[in-house]
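Peer 1: The residues making up each chain are set out below.
There are 2 protein chains.
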Amino acid sequence: MSIFDNPDEYYMQQALREARAAFDEGEIPVGAVIVGNGSIIARAHNNTERLQDVTAHAEMLAFTAATNFLGAKYLTDCTLYVTLEPCPMCAGAAGWTQIGRIVYGASDPKRGFSRLGREMLHPKTTVEGGLMKEECEELLKRFFQQKRQ
Amino acid sequence: MSIFDNPDEYYMQQALREARAAFDEGEIPVGAVIVGNGSIIARAHNNTERLQDVTAHAEMLAFTAATNFLGAKYLTDCTLYVTLEPCPMCAGAAGWTQIGRIVYGASDPKRGFSRLGREMLHPKTTVEGGLMKEECEELLKRFFQQKRQ
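Chains as they are written, first to last, in our numbering: chain F, 1 to 149; chain W, 1 to 149.
Only chain F is shown next, with the shape it has when bound in the complex (with noise of 0.2 Å):
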């Protein structure tokens, strides 16, 4: 898959592989990028058991290190590509982030925040769902199932 194909796909594929690190290392497999200007400008997966922090989600990790590689505060002209939906925490991070795009994998109809509406985010915030879901889904399931064991 290359990049000049279908730009969208080549980062949830590099948010897949961040996903992917995280399964390795025992980690619940959500992986994320931030794309800014046309290149990735943070990239990182979940880490709250190796944190021992449970706010240590791929997304907070992602939009520090984003803020922290731009020098500036909001990512307003940013995308967020992240494997399963953001949780209320990640979306309300994304909220004061102000990133103008979300583009997420699988949903999560239990934790994940649009169950309680979208008021959490900036209202000019775009938001897709589903995109690779199968993959992304796919890989969870392997984790949990893996745990089960």
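Please note that a few of the clues may not be correct.
Same chains, same names: a pair is fine if it fits in one copy or spans any two.
Claimed, not checked - Restricting the straight-line Cα-Cα distance to at most 20 Å, the calculated cross-link-like pairs of lysine to aspartate or glutamate (EDC-like) are: (1) 73 x 25; (2) 73 x 49; (3) 110 x 138; (4) 141 x 5; (5) 124 x 138; (6) 124 x 9; (7) 133 x 5; (8) 73 x 5; (9) 124 x 134; (10) 147 x 25; (11) 124 x 77; (12) 147 x 24; (13) 73 x 135.
Honestly, the hints are just simulated from the structure, not real lab data.
Because the structure is a prediction, the values reported are computed rather than measured.
Starting from the structure of chain F, add chain W where the hints point.
Peer 2: Below, chain W without anything else, positioned relative to chain F:
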């Protein structure tokens, strides 16, 4: 004010001390402490300007510090004292920590979590608002008045 007279007010005073430190540094004056087993295990204030990180709210920093201090992922038996009603990001984070109790000072009708319900918290978390709200509000008002000058 001694800790023996009114522990809640004592701890909120400590959160206010943190908020005043934020004020002195030109940060929106919000402070937090987390109390576990009768002692303060984390104290923090808003650091969004210094860190240029919109996720660096007092509560987020305090959650990370407290779980780090305990070497545990959950804050089940702890109380968060915070001078301003948490936003959805911080309430979502509180949900992940499963914190036992949240006590806040000033309400935040525009950006507080409670306008979206309390589903982002853990079902067992109890919440009390309005403790020493005049002092908490006064500091915020003074900050924004100064900014406008």
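Peer 1: Look at each hint and say if it fits the structure.
Peer 2: Evaluation of the provided hints:
| no. | hint | result |
| --- | --- | --- |
| 1 | 73 x 25 | between (30 Å within a copy, 17 Å between copies) |
| 2 | 73 x 49 | between (28 Å within a copy, 8 Å between copies) |
| 3 | 110 x 138 | within (17 Å within a copy, 39 Å between copies) |
| 4 | 141 x 5 | neither (29 Å within a copy, 52 Å between copies) |
| 5 | 124 x 138 | neither (31 Å within a copy, 32 Å between copies) |
| 6 | 124 x 9 | neither (23 Å within a copy, 40 Å between copies) |
| 7 | 133 x 5 | within (19 Å within a copy, 56 Å between copies) |
| 8 | 73 x 5 | neither (31 Å within a copy, 42 Å between copies) |
| 9 | 124 x 134 | neither (28 Å within a copy, 34 Å between copies) |
| 10 | 147 x 25 | within (13 Å within a copy, 46 Å between copies) |
| 11 | 124 x 77 | within (11 Å within a copy, 39 Å between copies) |
| 12 | 147 x 24 | within (13 Å within a copy, 48 Å between copies) |
| 13 | 73 x 135 | neither (32 Å within a copy, 29 Å between copies) |
When the structure is compared with the earlier hints, violations turn up for hints 4, 5, 6, 8, 9, 13 and for no others.
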